[in-house]
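**Student:** Read off the chains here:
2 protein chains.
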Amino acid sequence: MGAPLENIPNFESDEHLLPVVAQDAVSGQVLMLAYMNREAWEQTLATGNAVYFSRSRKRLWKKGEESGNVQRIKEIYLDCDEDTILLKVEQAGGAACHEGYQSCFFRRWDAGQLTIVGTRVFDPTQVYSQTKSHQEKPS
Amino acid sequence: MGAPLENIPNFESDEHLLPVVAQDAVSGQVLMLAYMNREAWEQTLATGNAVYFSRSRKRLWKKGEESGNVQRIKEIYLDCDEDTILLKVEQAGGAACHEGYQSCFFRRWDAGQLTIVGTRVFDPTQVYSQTKSHQEKPS
Numbered sequence: 001m002g003a004p005l006e007n008i009p010n011f012e013s014d015e016h017l018l019p020v021v022a023q024d025a026v027s028g029q030v031l032m033l034a035y036m037n038r039e040a041w042e043q044t045l046a047t048g049n050a051v052y053f054s055r056s057r058k059r060l061w062k063k064g065e066e067s068g069n070v071q072r073i074k075e076i077y078l079d080c081d082e083d084t085i086l087l088k089v090e091q092a093g094g095a096a097c098h099e100g101y102q103s104c105f106f107r108r109w110d111a112g113q114l115t116i117v118g119t120r121v122f123d124p125t126q127v128y129s130q131t132k133s134h135q136e137k138p139s
Numbered sequence: 001m002g003a004p005l006e007n008i009p010n011f012e013s014d015e016h017l018l019p020v021v022a023q024d025a026v027s028g029q030v031l032m033l034a035y036m037n038r039e040a041w042e043q044t045l046a047t048g049n050a051v052y053f054s055r056s057r058k059r060l061w062k063k064g065e066e067s068g069n070v071q072r073i074k075e076i077y078l079d080c081d082e083d084t085i086l087l088k089v090e091q092a093g094g095a096a097c098h099e100g101y102q103s104c105f106f107r108r109w110d111a112g113q114l115t116i117v118g119t120r121v122f123d124p125t126q127v128y129s130q131t132k133s134h135q136e137k138p139s
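Those protein sequence lines, which keep their order, are chains R and Z. The opening residue of the first sequence carries number 1 in the numbering used here; numbering runs sequentially from there. The opening residue of the second sequence carries number 1 in the numbering used here; numbering runs sequentially from there.
No false leads were mixed into what you were given.
Note that the list lumps identical chains together, so a pair holds whenever it fits in one copy or between two copies.
In silico EDC-like cross-links for lysine to aspartate or glutamate, where the CA-CA straight-line distance does not exceed 16 Å:
#: 1; residue 1: LYS88; residue 2: ASP110
#: 2; residue 1: LYS74; residue 2: ASP110
#: 3; residue 1: LYS74; residue 2: GLU90
None of these hints come from the bench; they were simulated from the model. Keep in mind that this is a model prediction, so the values were computed, not measured.
With the rest of the complex left out, here is chain R:
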């Protein structure tokens, strides 16, 4: 069932950023939240790998460009307002987080304390160079 598409997703301008949820296509684990501008969206479609816009670096960010942990797009969903994107991905390397965890959401809020519940897949100091450490932070 198709529908004609006009400005979907709803990027209000070339600079406008939409939030993007990346979810593991198999396990259903929510891996991270990042942002796309129109160019990132178009590059994601063109390459089949997640390309985000880094708000801190103010440039396109090919997820995994340094770590190798790319996200291969399996399915894309849009929400009812067409202003949020959900990617179901295959996460190369098994870890989406620059801190080496499968998911960026590796800490649970327990009555005002944060409990680490995720499993560390890699050691960030072994994956990122010192000067570029934490380059893959999503925001």
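Given the structure of chain R, go ahead and fit chain Z onto it with the hints provided.
**Tutor:** Relative to chain R, chain Z alone:
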């Protein structure tokens, strides 16, 4: 394992909005993305039900306040930057979307077309009054 918490989540001001992913605690389905300011976060913790900040209505929005489809908080996770919140919820009524679907992400992007893949749980015209129709849109 706990850690001392300073301004976590990282609301930079009382008006600052952070994105919040709501995920079904049992099925793992991503239900919606909405936003919280500090007050919404505090009311969520205090009540045990999701309270968001509606960007369109510019006020707190107790999810389900009109439809009855509240989201009971089961677990809360924070991402590595502490600027995104993941809620694992029990979705009352079985539908998070104001259009009557389980998830707001009920349409899949298929090569430039949107395919409805979600199942409609309720008819929005039966749940929302005409004048208030679509009041629960997240943005």
